[in-house]
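Undergrad: Chains A, B, C and D, in that order, give the protein sequences.
Just so you know, numbering that gives the first Met the number 0 puts 275 at position 276 of the first sequence, and the rest follows in order with no gaps.
Just so you know, numbering that gives the first Met the number 0 puts 93 at position 94 of the second sequence, and the rest follows in order with no gaps.
Just so you know, numbering that gives the first Met the number 0 puts 23 at position 24 of the third sequence, and the rest follows in order with no gaps.
Just so you know, numbering that gives the first Met the number 0 puts 189 at position 190 of the fourth sequence, and the rest follows in order with no gaps.
Because the hints were derived from the structure by calculation, they are not lab data.
Keep in mind that this is a model prediction, so the values were computed, not measured.
One copy or two, either will do: identical chains are not told apart, so a pair holds if it fits within one copy or between any two.
Restricting the straight-line Cα-Cα distance to at most 27 Å, the calculated cross-link-like pairs of lysine-lysine (DSS-like) are: (1) K216 <-> K155; (2) K155 <-> K140; (3) K125 <-> K216; (4) K282 <-> K170; (5) K282 <-> K234; (6) K103 <-> K56; (7) K170 <-> K216.
Number of protein chains: 4
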Amino acid sequence: MEEIGFLGMGIMGKAMAMNLLRHGFKVTVWNRTLSRCDELVEHGASVGESPAAVVKKCKYTIGMLSDPPAALSVVFDKGGVIEQICSGKGYIDMSTVDADTSSKISEAITSKGGQFLEAPVSGSKKPAEDGQLVILAAGEKLLYEAAIPAFDVMGKKSFFLGQVGNGAKMKLVVNMIMGSMMNAFSEGLVLADNSGLSSQTLLDVLELGAIANPMFKMKGPAMIQGNYTPAFPLKHQQKDMRLALALGDENAVSMPIAAAANEAFKKARNEGLGDLDFSAVHKTVLGDKQ
Amino acid sequence: MEEIGFLGMGIMGKAMAMNLLRHGFKVTVWNRTLSRCDELVEHGASVGESPAAVVKKCKYTIGMLSDPPAALSVVFDKGGVIEQICSGKGYIDMSTVDADTSSKISEAITSKGGQFLEAPVSGSKKPAEDGQLVILAAGEKLLYEAAIPAFDVMGKKSFFLGQVGNGAKMKLVVNMIMGSMMNAFSEGLVLADNSGLSSQTLLDVLELGAIANPMFKMKGPAMIQGNYTPAFPLKHQQKDMRLALALGDENAVSMPIAAAANEAFKKARNEGLGDLDFSAVHKTVLGDKQ
Amino acid sequence: MEEIGFLGMGIMGKAMAMNLLRHGFKVTVWNRTLSRCDELVEHGASVGESPAAVVKKCKYTIGMLSDPPAALSVVFDKGGVIEQICSGKGYIDMSTVDADTSSKISEAITSKGGQFLEAPVSGSKKPAEDGQLVILAAGEKLLYEAAIPAFDVMGKKSFFLGQVGNGAKMKLVVNMIMGSMMNAFSEGLVLADNSGLSSQTLLDVLELGAIANPMFKMKGPAMIQGNYTPAFPLKHQQKDMRLALALGDENAVSMPIAAAANEAFKKARNEGLGDLDFSAVHKTVLGDKQ
Amino acid sequence: MEEIGFLGMGIMGKAMAMNLLRHGFKVTVWNRTLSRCDELVEHGASVGESPAAVVKKCKYTIGMLSDPPAALSVVFDKGGVIEQICSGKGYIDMSTVDADTSSKISEAITSKGGQFLEAPVSGSKKPAEDGQLVILAAGEKLLYEAAIPAFDVMGKKSFFLGQVGNGAKMKLVVNMIMGSMMNAFSEGLVLADNSGLSSQTLLDVLELGAIANPMFKMKGPAMIQGNYTPAFPLKHQQKDMRLALALGDENAVSMPIAAAANEAFKKARNEGLGDLDFSAVHKTVLGDKQ
Numbered sequence: 000m001e002e003i004g005f006l007g008m009g010i011m012g013k014a015m016a017m018n019l020l021r022h023g024f025k026v027t028v029w030n031r032t033l034s035r036c037d038e039l040v041e042h043g044a045s046v047g048e049s050p051a052a053v054v055k056k057c058k059y060t061i062g063m064l065s066d067p068p069a070a071l072s073v074v075f076d077k078g079g080v081i082e083q084i085c086s087g088k089g090y091i092d093m094s095t096v097d098a099d100t101s102s103k104i105s106e107a108i109t110s111k112g113g114q115f116l117e118a119p120v121s122g123s124k125k126p127a128e129d130g131q132l133v134i135l136a137a138g139e140k141l142l143y144e145a146a147i148p149a150f151d152v153m154g155k156k157s158f159f160l161g162q163v164g165n166g167a168k169m170k171l172v173v174n175m176i177m178g179s180m181m182n183a184f185s186e187g188l189v190l191a192d193n194s195g196l197s198s199q200t201l202l203d204v205l206e207l208g209a210i211a212n213p214m215f216k217m218k219g220p221a222m223i224q225g226n227y228t229p230a231f232p233l234k235h236q237q238k239d240m241r242l243a244l245a246l247g248d249e250n251a252v253s254m255p256i257a258a259a260a261n262e263a264f265k266k267a268r269n270e271g272l273g274d275l276d277f278s279a280v281h282k283t284v285l286g287d288k289q
Numbered sequence: 000m001e002e003i004g005f006l007g008m009g010i011m012g013k014a015m016a017m018n019l020l021r022h023g024f025k026v027t028v029w030n031r032t033l034s035r036c037d038e039l040v041e042h043g044a045s046v047g048e049s050p051a052a053v054v055k056k057c058k059y060t061i062g063m064l065s066d067p068p069a070a071l072s073v074v075f076d077k078g079g080v081i082e083q084i085c086s087g088k089g090y091i092d093m094s095t096v097d098a099d100t101s102s103k104i105s106e107a108i109t110s111k112g113g114q115f116l117e118a119p120v121s122g123s124k125k126p127a128e129d130g131q132l133v134i135l136a137a138g139e140k141l142l143y144e145a146a147i148p149a150f151d152v153m154g155k156k157s158f159f160l161g162q163v164g165n166g167a168k169m170k171l172v173v174n175m176i177m178g179s180m181m182n183a184f185s186e187g188l189v190l191a192d193n194s195g196l197s198s199q200t201l202l203d204v205l206e207l208g209a210i211a212n213p214m215f216k217m218k219g220p221a222m223i224q225g226n227y228t229p230a231f232p233l234k235h236q237q238k239d240m241r242l243a244l245a246l247g248d249e250n251a252v253s254m255p256i257a258a259a260a261n262e263a264f265k266k267a268r269n270e271g272l273g274d275l276d277f278s279a280v281h282k283t284v285l286g287d288k289q
Numbered sequence: 000m001e002e003i004g005f006l007g008m009g010i011m012g013k014a015m016a017m018n019l020l021r022h023g024f025k026v027t028v029w030n031r032t033l034s035r036c037d038e039l040v041e042h043g044a045s046v047g048e049s050p051a052a053v054v055k056k057c058k059y060t061i062g063m064l065s066d067p068p069a070a071l072s073v074v075f076d077k078g079g080v081i082e083q084i085c086s087g088k089g090y091i092d093m094s095t096v097d098a099d100t101s102s103k104i105s106e107a108i109t110s111k112g113g114q115f116l117e118a119p120v121s122g123s124k125k126p127a128e129d130g131q132l133v134i135l136a137a138g139e140k141l142l143y144e145a146a147i148p149a150f151d152v153m154g155k156k157s158f159f160l161g162q163v164g165n166g167a168k169m170k171l172v173v174n175m176i177m178g179s180m181m182n183a184f185s186e187g188l189v190l191a192d193n194s195g196l197s198s199q200t201l202l203d204v205l206e207l208g209a210i211a212n213p214m215f216k217m218k219g220p221a222m223i224q225g226n227y228t229p230a231f232p233l234k235h236q237q238k239d240m241r242l243a244l245a246l247g248d249e250n251a252v253s254m255p256i257a258a259a260a261n262e263a264f265k266k267a268r269n270e271g272l273g274d275l276d277f278s279a280v281h282k283t284v285l286g287d288k289q
Numbered sequence: 000m001e002e003i004g005f006l007g008m009g010i011m012g013k014a015m016a017m018n019l020l021r022h023g024f025k026v027t028v029w030n031r032t033l034s035r036c037d038e039l040v041e042h043g044a045s046v047g048e049s050p051a052a053v054v055k056k057c058k059y060t061i062g063m064l065s066d067p068p069a070a071l072s073v074v075f076d077k078g079g080v081i082e083q084i085c086s087g088k089g090y091i092d093m094s095t096v097d098a099d100t101s102s103k104i105s106e107a108i109t110s111k112g113g114q115f116l117e118a119p120v121s122g123s124k125k126p127a128e129d130g131q132l133v134i135l136a137a138g139e140k141l142l143y144e145a146a147i148p149a150f151d152v153m154g155k156k157s158f159f160l161g162q163v164g165n166g167a168k169m170k171l172v173v174n175m176i177m178g179s180m181m182n183a184f185s186e187g188l189v190l191a192d193n194s195g196l197s198s199q200t201l202l203d204v205l206e207l208g209a210i211a212n213p214m215f216k217m218k219g220p221a222m223i224q225g226n227y228t229p230a231f232p233l234k235h236q237q238k239d240m241r242l243a244l245a246l247g248d249e250n251a252v253s254m255p256i257a258a259a260a261n262e263a264f265k266k267a268r269n270e271g272l273g274d275l276d277f278s279a280v281h282k283t284v285l286g287d288k289q
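The following block holds chain A by itself, in its conformation from the complex (with noise of 0.2 Å):
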């Protein structure tokens, strides 16, 4: 792969971009408050003083914003990505944004001619810094395929799921999913708790069977403390149901646990857990032993 631009020098971005410089990529970075890229510099990488700038001399240029209107931003506003993406030349969104936001960015860079992936991935700080990311992409084959190097060093797996938009579906139908695991996980601990068993001797047992996941390990320990520190808040995984029934809708697939467990954060939310992790939904289910 040729040099790579890099926009965003957030936790994420930065992380994944050390790693491309680690590796050996020739990287170009940029980030709104140039001061965050320092560090990248010290690695060997370029800046760049704009996002077009960046674009402009790069083949591929890598995006990793905190969230959809950043991501948009850095496409459209003066000095965007959109002034000098065009044919030969590649975008990769790999933040995690909407549908919509994805599908404009889509058109406005195949309009110009130009090459468009989105790319959001599943894992946090840890997993960015470690390449350990499981990478979504969706969107034009071939740059995936001139991506495939860069994203064996960011991740640990990439995925091509075809057209855009499939990327981004496919993190809701595994955030449904683990929002209901959620859901039928908490009413677990309340239920042998308040049947007289004890929930760390619950949490053993789960690790030891067929269901154990890294979910109810991690979690497990700090709910039963009361502990919901927000690593994913719960209204962002009550919007993931939300959407996620809403695809259903769509498709007439009836999903009685998910809307289940969707209403369940709605109560947390109407609780005042919204800002809370999205395990605080045990909060809900424990009701008055609280």
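Put chains B, C and D on the given structure of chain A with help from the hints.
TA: Leaving out everything else, chains B, C and D in the frame of chain A:
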């Protein structure tokens, strides 16, 4: 531990008794059809002519029967455990039985001065052969402690959960979470498929994330091929959901996800899927696609 | 109809027996606390000194007791119905009891050669006084036919539903629909209120439309004022939901709405609302607004 | 009230305009296919050549169009309402449209200085002919007050609900309760039938009790014969459930019963029942019995 009695040479019991023999325990076995004891005898086991005869000879006797009627039968029928159990002797029922059965046996044993432990296991044929069962014991603590050396060779881990009944309750809680998860998983598989995503890719993505677990890994590939060969029959899973909900009712625990999952399993029963694996609830979610 | 016996002079029994007297029936009454019979005697009733004495005197005897223990007690205790029931005599239990209680009484009566009818009623104090009850009879058809003249003055309508147990089942089905409707109604009231609409206007609109019904009209105004004075306690409604779901389980009927409503009632019990009216589930839906 | 304009001579509009004529109002009508105005003219109506012409002539104009595109068309197309609406004139849209359509029309009318009222109705052909509609008005209060004489002859009752959008919201709340009730009713019918009770008797018992309502009475007999001729198509009912749940989501109202009902309607859509009456959800509950 002294010589151990072992009643019931079904698939599970035979594998468990064999592990005891392999690790140097002296074992006296009994089975309704005596020929099923032959292989054990070749490996050094003695044979008792009745449950009572086994109990008479051994300080501790383990029962591993196929169902509640069989579990009651070895205790209460002519020549049953009850005829020889007495102070200084213990009976450990490792069968999976309901709370009523367990407490009937418990009362009978203790009223004769004997010690009683219920110790249902989690895990099937393979873990039984490999000594990798998880043992959920409840009842007489001293008997539990005496049984630890035997439990250590039959299982990878044993838990003491308090009073008789708690072993069964813990299994219900675990199976309730499992049943809800299976429903969430099924909804996710169908949502992916109907939204134009590959079910196999969903399995691959799940396997790499925070909710990866052996059940998804084991059952997922079969499910997307419509293969629901029974390991744990759906009607039994639904019965456990119902019992878990009843336990919640007693303790005023509201469990909307478990309730929705229970109704989905009932729908599957209504569609004639009760004897298939509990993963066949997937077929119900699929609906007309099938 | 010949002279009728009447056991149980509670609020309901007294009103029902009074209607019989007013319409010219000869009635012999009994009550545990005999003084509660005085008013009836003023209106021409005779008094029996025990249930057995009443049965001895009358060809047909009606029981209207407060709960299953009381219903069992008048039949099986010393001086009970069972001592004098015999071929040619009938016993009609109009109490609301569970299926087990009903079938115990049925078996005892019929094994002595007597005829038995269960005939629980729908309607409370006012309909009892006005002869406007709805009577759900099941058991001996000939006894039902003989009782029609009495049923005609106590109720506005009676049904014969077949074998013993069907009266109780029909009540469960009706109460299940009622409990689900109460939940839907509560959700609607809260949705209107939280969306900036007037709850009172919602009541007015509902009253004019296709789903107008006495329950919404009667309970709605109290509910929007947070008044849940018990007419039918929430814990009893939840018990009926549970029994209806169990009936569905036996017959493989999947009832996701009833299951969700049952969990909402359990949530309300968990919040300490079990002794309020079943409309108090509204308070649970309100959540933090309260 | 001065001369009234009336746009849209469909089944509903024709019956409503006829009632105005019958009660002595002067009415100028318009319809895309002009011949549909003939009968009105025989009863004394004038005809306008376009919506704009009607608005020019009348102080108040009512629109009753079949769907959102038609409602938008009479306002915005060439010769539309917008060309002549101005200060001192009012437009009352009685069509059933979504919130977006309503607010687009509202903004256009008021930006030209006109008054606007949305006034969707509850009730179909027969109530329209009999002047028995229920009118849910929202928007300009003064216009509402001016329209009361007309509303009084078209409907049995009208409500003023505040700002534009509230009429649509009130309909959603009512339809949400109705959809949940239809599900509860269906579950009850199937539970009765599968438990050996007569569905017809259940209808009779319900009719006499606290939850008796026109919908059960009207639709019940057809449902138990498997007749789901569409009056209100299931796919529209499901859409209203979805929109009501979305309204709840905005306001953090948890509605588990509505959510379960919505999934049941989606199941029915998945089974190809979307174009039948919404009572066809009964067929889904029936399952294999069908």
